[in-house]
Amino acid sequence: MERVLLHICCGPCATYPVPKLREEGFELMGYFYNPNIHPYTEYTKRKAGLEQYAQIADLKVIYDESYNPVQYFQNIAYRESRRCFFCYQMRLEQAAHIAKRGKFDYFTSTLLVSKYQKHNWIREIGDAVGHKYGVPFLYRDFREGFKQSGEWSREMGLYRQQYCGCLYSEMERYAPRDLIKGLFNAKAMIREDK
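The opening position of the sequence shown corresponds to residue 511 in the numbering used here, with each subsequent residue numbered one higher.
Derived by calculation from the structure, the hints in this document are not laboratory data.
With a Cα cut of at most 27 angstroms, we get these calculated DSS-like pairs of lysine-lysine:
hint: 1; residue 1: Lys-570; residue 2: Lys-642
hint: 2; residue 1: Lys-555; residue 2: Lys-657
hint: 3; residue 1: Lys-628; residue 2: Lys-642
hint: 4; residue 1: Lys-613; residue 2: Lys-570
hint: 5; residue 1: Lys-625; residue 2: Lys-555
hint: 6; residue 1: Lys-642; residue 2: Lys-610
hint: 7; residue 1: Lys-530; residue 2: Lys-613
hint: 8; residue 1: Lys-628; residue 2: Lys-530
Across the chosen pairs, the derived CB separations fall in these ranges:
hint: 9; residue 1: Lys-530; residue 2: Thr-551; range: 29 to 35 angstroms
hint: 10; residue 1: Asp-568; residue 2: Lys-642; range: 28 to 34 angstroms
hint: 11; residue 1: Tyr-626; residue 2: Pro-686; range: 18 to 24 angstroms
Source: prediction; values computed, not measured.
Note that CB positions come from ideal geometry on N, CA and C, so glycine has one too.
Sequences and hints are given; from them, build the entire structure.
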């Protein structure tokens, strides 16, 4: 049975890819690595939500405890308009590294379940870092299960976040548009290429 390391953002995002990949016959292990999540209290809620789901789904998960948002901010500084690209790169590269160390056959990500994520970038980066580490990126368009993952996560009582994870996405979700335009370059704050 081929083994897949599944990078996981949160419990709700895992609810669709986990059973789908198991149906395909893969043996899965989760990997939680998300230094982009802000603030720390949000990070701990998402981690706890994944722990809850992992118990329900009987999923083994590696929890990377090196929460370092400074690294995330250093990676995107002065490149905020492409922050998602650099965020994906940071997390997928680390997942590929762990997949190589663990001798997995493939790695992939629950980022692929969200209709708000940029699949072309995720696939491009996944393929590149997979080539670099010698572990293929397993691309699946899980967006078909986006609505279902929301329903399942509600039924399971999982913590459901209201924004992608970073400070910028939190601002986009909660702050008045005028405030955002006043604080940041407006072009940098507009989500492009969904």
